[in-house]
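Chemist: Let the sequences and hints guide you as you build the complete structure.
Heads up: the sequence lines are chains L and R, in that order.
Residue 2 is where the first sequence starts when you use our numbering, and the numbers rise one by one after that.
Residue 2 is where the second sequence starts when you use our numbering, and the numbers rise one by one after that.
Derived from the structure by calculation, the hints contain no laboratory data.
Because the structure is a prediction, the values reported are computed rather than measured.
Mimicking DSS-like on lysine-lysine, the simulated pairs with C-alpha atoms at most 25 angstroms apart in a straight line are:
#, chain 1, residue 1, chain 2, residue 2
1, R, Lys146, R, Lys116
2, R, Lys146, L, Lys25
3, R, Lys25, L, Lys146
4, L, Lys116, L, Lys146
So the derived list for chain L, only partly shown, Cβ under 8 angstroms to chain R, looks like this:
#, residue
5, Ala80
6, Cys101
7, Asn106
8, Phe121
Cβ-Cβ distance ranges computed for the label pairs, FRET-style:
#, chain 1, residue 1, chain 2, residue 2, range
9, L, Gly309, R, Asp268, 56 to 66 angstroms
10, L, Glu41, R, Leu206, 52 to 62 angstroms
11, L, Ala175, R, Ala202, 49 to 59 angstroms
12, R, Gly67, L, Thr319, 44 to 54 angstroms
13, R, Thr33, L, Asp321, 42 to 52 angstroms
We treat Cβ as the ideally placed atom computed from N, Cα and C, and that holds for glycine.
Spelled out, the chains give:
There are 2 protein chains.
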Amino acid sequence: MTTGKGRKDLPTMMDVARTAGVSKSTVSRAFTQPGMLGAETVARILEIASSIGYVPNHTARALSTGRYGNVALVVPDVANPFFPPLIRAAQMEADRSDFCVFLGNSDESWRQEDKLVDRFLSQVEGLVLCASRLTDERIRAHALKRPLVLVNRDVEGIPRVLIDSAIGVREAIAHLAELGHKHIVYISGPASSWSNQQRRAAVRLGARQHRLEVSIVAARVPSYESGRAVVPDILATGATAAIAFDDLTAQGIMTGLADRGVSVPADFSIVGCDDVLGAATYPSLTTVSNRSDETGRAAMSLLLDMLGSRAVGDARVTLDTYLVVRNTTAPPRR
Amino acid sequence: MTTGKGRKDLPTMMDVARTAGVSKSTVSRAFTQPGMLGAETVARILEIASSIGYVPNHTARALSTGRYGNVALVVPDVANPFFPPLIRAAQMEADRSDFCVFLGNSDESWRQEDKLVDRFLSQVEGLVLCASRLTDERIRAHALKRPLVLVNRDVEGIPRVLIDSAIGVREAIAHLAELGHKHIVYISGPASSWSNQQRRAAVRLGARQHRLEVSIVAARVPSYESGRAVVPDILATGATAAIAFDDLTAQGIMTGLADRGVSVPADFSIVGCDDVLGAATYPSLTTVSNRSDETGRAAMSLLLDMLGSRAVGDARVTLDTYLVVRNTTAPPRR
DNA sequence: CTATCGAATGCAACCGGTTGCACGTCAATC
DNA sequence: GATTGACGTGCAACCGGTTGCATTCGATAG
Numbered sequence: 002m003t004t005g006k007g008r009k010d011l012p013t014m015m016d017v018a019r020t021a022g023v024s025k026s027t028v029s030r031a032f033t034q035p036g037m038l039g040a041e042t043v044a045r046i047l048e049i050a051s052s053i054g055y056v057p058n059h060t061a062r063a064l065s066t067g068r069y070g071n072v073a074l075v076v077p078d079v080a081n082p083f084f085p086p087l088i089r090a091a092q093m094e095a096d097r098s099d100f101c102v103f104l105g106n107s108d109e110s111w112r113q114e115d116k117l118v119d120r121f122l123s124q125v126e127g128l129v130l131c132a133s134r135l136t137d138e139r140i141r142a143h144a145l146k147r148p149l150v151l152v153n154r155d156v157e158g159i160p161r162v163l164i165d166s167a168i169g170v171r172e173a174i175a176h177l178a179e180l181g182h183k184h185i186v187y188i189s190g191p192a193s194s195w196s197n198q199q200r201r202a203a204v205r206l207g208a209r210q211h212r213l214e215v216s217i218v219a220a221r222v223p224s225y226e227s228g229r230a231v232v233p234d235i236l237a238t239g240a241t242a243a244i245a246f247d248d249l250t251a252q253g254i255m256t257g258l259a260d261r262g263v264s265v266p267a268d269f270s271i272v273g274c275d276d277v278l279g280a281a282t283y284p285s286l287t288t289v290s291n292r293s294d295e296t297g298r299a300a301m302s303l304l305l306d307m308l309g310s311r312a313v314g315d316a317r318v319t320l321d322t323y324l325v326v327r328n329t330t331a332p333p334r335r
Numbered sequence: 002m003t004t005g006k007g008r009k010d011l012p013t014m015m016d017v018a019r020t021a022g023v024s025k026s027t028v029s030r031a032f033t034q035p036g037m038l039g040a041e042t043v044a045r046i047l048e049i050a051s052s053i054g055y056v057p058n059h060t061a062r063a064l065s066t067g068r069y070g071n072v073a074l075v076v077p078d079v080a081n082p083f084f085p086p087l088i089r090a091a092q093m094e095a096d097r098s099d100f101c102v103f104l105g106n107s108d109e110s111w112r113q114e115d116k117l118v119d120r121f122l123s124q125v126e127g128l129v130l131c132a133s134r135l136t137d138e139r140i141r142a143h144a145l146k147r148p149l150v151l152v153n154r155d156v157e158g159i160p161r162v163l164i165d166s167a168i169g170v171r172e173a174i175a176h177l178a179e180l181g182h183k184h185i186v187y188i189s190g191p192a193s194s195w196s197n198q199q200r201r202a203a204v205r206l207g208a209r210q211h212r213l214e215v216s217i218v219a220a221r222v223p224s225y226e227s228g229r230a231v232v233p234d235i236l237a238t239g240a241t242a243a244i245a246f247d248d249l250t251a252q253g254i255m256t257g258l259a260d261r262g263v264s265v266p267a268d269f270s271i272v273g274c275d276d277v278l279g280a281a282t283y284p285s286l287t288t289v290s291n292r293s294d295e296t297g298r299a300a301m302s303l304l305l306d307m308l309g310s311r312a313v314g315d316a317r318v319t320l321d322t323y324l325v326v327r328n329t330t331a332p333p334r335r
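Modeler: Encoded structure:
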C-alpha cells in the first residue's frame, strides 16, 4: 500500500462524498446514473468533484463492473509501414467509443505474442490480433476467454478481417504475363504469416493459369535488409520478374539488384505488396495495393460490435486489393 | 455484476486456492513472494494455476497495490513515419520491465490529447508525451498527478528527451551556403511544435551567420499533401533552396516542384528533417538525421527510472542530429 | 518436559468503485 | 388519519487481488 509519498494520490470518491456531505454511493450515482438523484444534488457533486480535480478511477470501476473500457491491439512489428495506418485507424475507432487501446509489439515471435496476450487479457474487454504468429490452437484458447478479432489470419469460428491479396496478385501475374515474362519468382515472407501463404498460393495458381514457371525464394522476415540479402538466390533462379511478399522486401531487392548492376525494370521486373511506399522509390514501385487503414477500422469496429451485443457469429470480412502499375515492371530483356 | 454470460469469466485466485486446498493469501504469495512459502506448496499451486489457465488479474492487483504495471504513450500521429520506430522502441523497453503500453493518437489536437491523458491517468503509473500539443500549464498539471516524460518538448522541471535538430540544421545551412545558395526558405511545421520552433530558430541563426537571406513558409500539418500544397508559396519567395520541417513535407514539395517542371536539385535544392524515408525517394533526399528509436527508448527508460526511484530531478536528455547528404542538394542555377 | 523461536499458512481489512436492497420522507389516495 | 407509492439516499456486500498480523506446529534450546 503506498499511501504517503505525497502528491501522487488522486482524490477518491470518498473525498468528494465527504466534502459534499453525502455517501459514496451517491457520488457514484452522480456520475453513472444522475437521473436517479435530485438534480441539485448532482450539480453540487459534479461541481465539487471538478473543483478538487476528481476523475473516477478507471481501474476500480473496471474491477467491480467487469467493463474495462480497454482493448488490445497486437501487431508483429509497429515499425513495418504496413501497420501504422492500421494502428492509427483502429485507435481512432476505439476512441470514438471511449475505449483505451493497449499496443503490443510481438516482434514476429509467437512466444512474445502469447506473453503479451496473457498480460492484456485481465485488463481488456477484447483484442485485435494482427497477422498473428500464434497457432490456431492458442488463438482459439484465447478467444474462449475474451472476444477476439483477427486481421490477416483465417481461423474458422473466430471473427476476422482479411485483405484478399489474391485478387491483386492475380492482376500482377496477368500483367507480367502480358509483358512477356515466362519465369517469375515469389519472395516469401514469414512462414507463419497467413498473408504470405495466401500470396504464395495465389502466385502458384496464377502462374499455372498463365503457364509461367514459378520459383520460390524465402526471406524469413519482411524487411529491407532481408530483401537485399536474398538477391543472389533470386538471380540464381533465372527468373525475369519477382513478386515480393511486401514493399519493404521489394525495396531491399531493388537495392540489391542495383548493387549488382542489374537494372530495374530493364533487366528485371519487380512487384511489391501493400503499397506502403507510395511513389517514393526509384523507379517507383509497381505494387499490389490495399487499404490498411480501412482494415484496422473494420477490425476494431467488429470487436466493438461484439462487445456491445454478442451477436457476431462467424464473421469473415474481406477487403480487396488491386494492382497499381508504376515503373518497376517492363518486358523481359530478350 | 456480470456473473453468468458463461465463458467470459476468467478463473480467479479463489478457484486455484480451493482446488489446492489453501487460502487466497497463499496463492497470492505463491506468485508474488514464493520464498515465503514451502517449496512444494508453491510448486503445487503454480501447477494447478497453469492447468486451469489462471493468470493473476492485472486490474485487481493494480487496485490494491497502486502499481498499475501500465504506462501510456501519446503521439500526435501514429502514421507519421517519424513515430513508429519510436513507438516500437518505447514499447519494447517497457516490455522488458513487464509494463503494458497504452497508445494514444492525439491527432495533432490538444483537446484530444488532454482527453486521452485524463482517460489514461487513472490506470497508468506514468506517461510519455511525444511532441505534445498541450500548453505548459496543462502539462504541469498532469505531471502533478503522475510521472511524466516529454519527448521533443522543453518544459522546465519536467523530465524530457529532446532531439537537438539545431546541430544538424546548422550543418545543413553550412552545406547550402558552401554550395553557393544566397536565399533559402524554411517550410515550417505545426506552430505548437517544439521541434518546429527549434528548427526555425536554428535556420534563422545559421542563415544570419552565413549571411543568407531567409524566408519562412508555413505548412500547418507535417504531411505529403501540405508540402505539395505550399510549393507556389515557396517559389514565390525566390529562394533557391528549402529546408523542410520534416521529410514528409519535403517529399511533398519534391512532387509539387516536379509537377511544375522545376527539377531537383538542378533548379532547386531541398533538405528534409528526420530521415524517415531512407534513400527511397528520387532523387534520394538530403536530410537531417536522428535516431528516433533511441529517443523512444530513452524516454521510456527515463520514465521507468522515475517509477522505480523518485530520484529523477530535472532531467533533460538531448540526442544529437547530423546532416546526411544525398542527392537533393546542388549549387544554385546561375 | 517446557519455553522459545522461526517457518508456513490463514484471517480479515483494504484498494476505489458499483449496485441490490432497505429505509425515510412526503404527497396523493381512500 | 392511515395507507400507499414514488423518490432520494444510505448501507453493506462484492469485484480479485495484497498484506500486516495472528496462529499453528515442529524443532531446538534450557
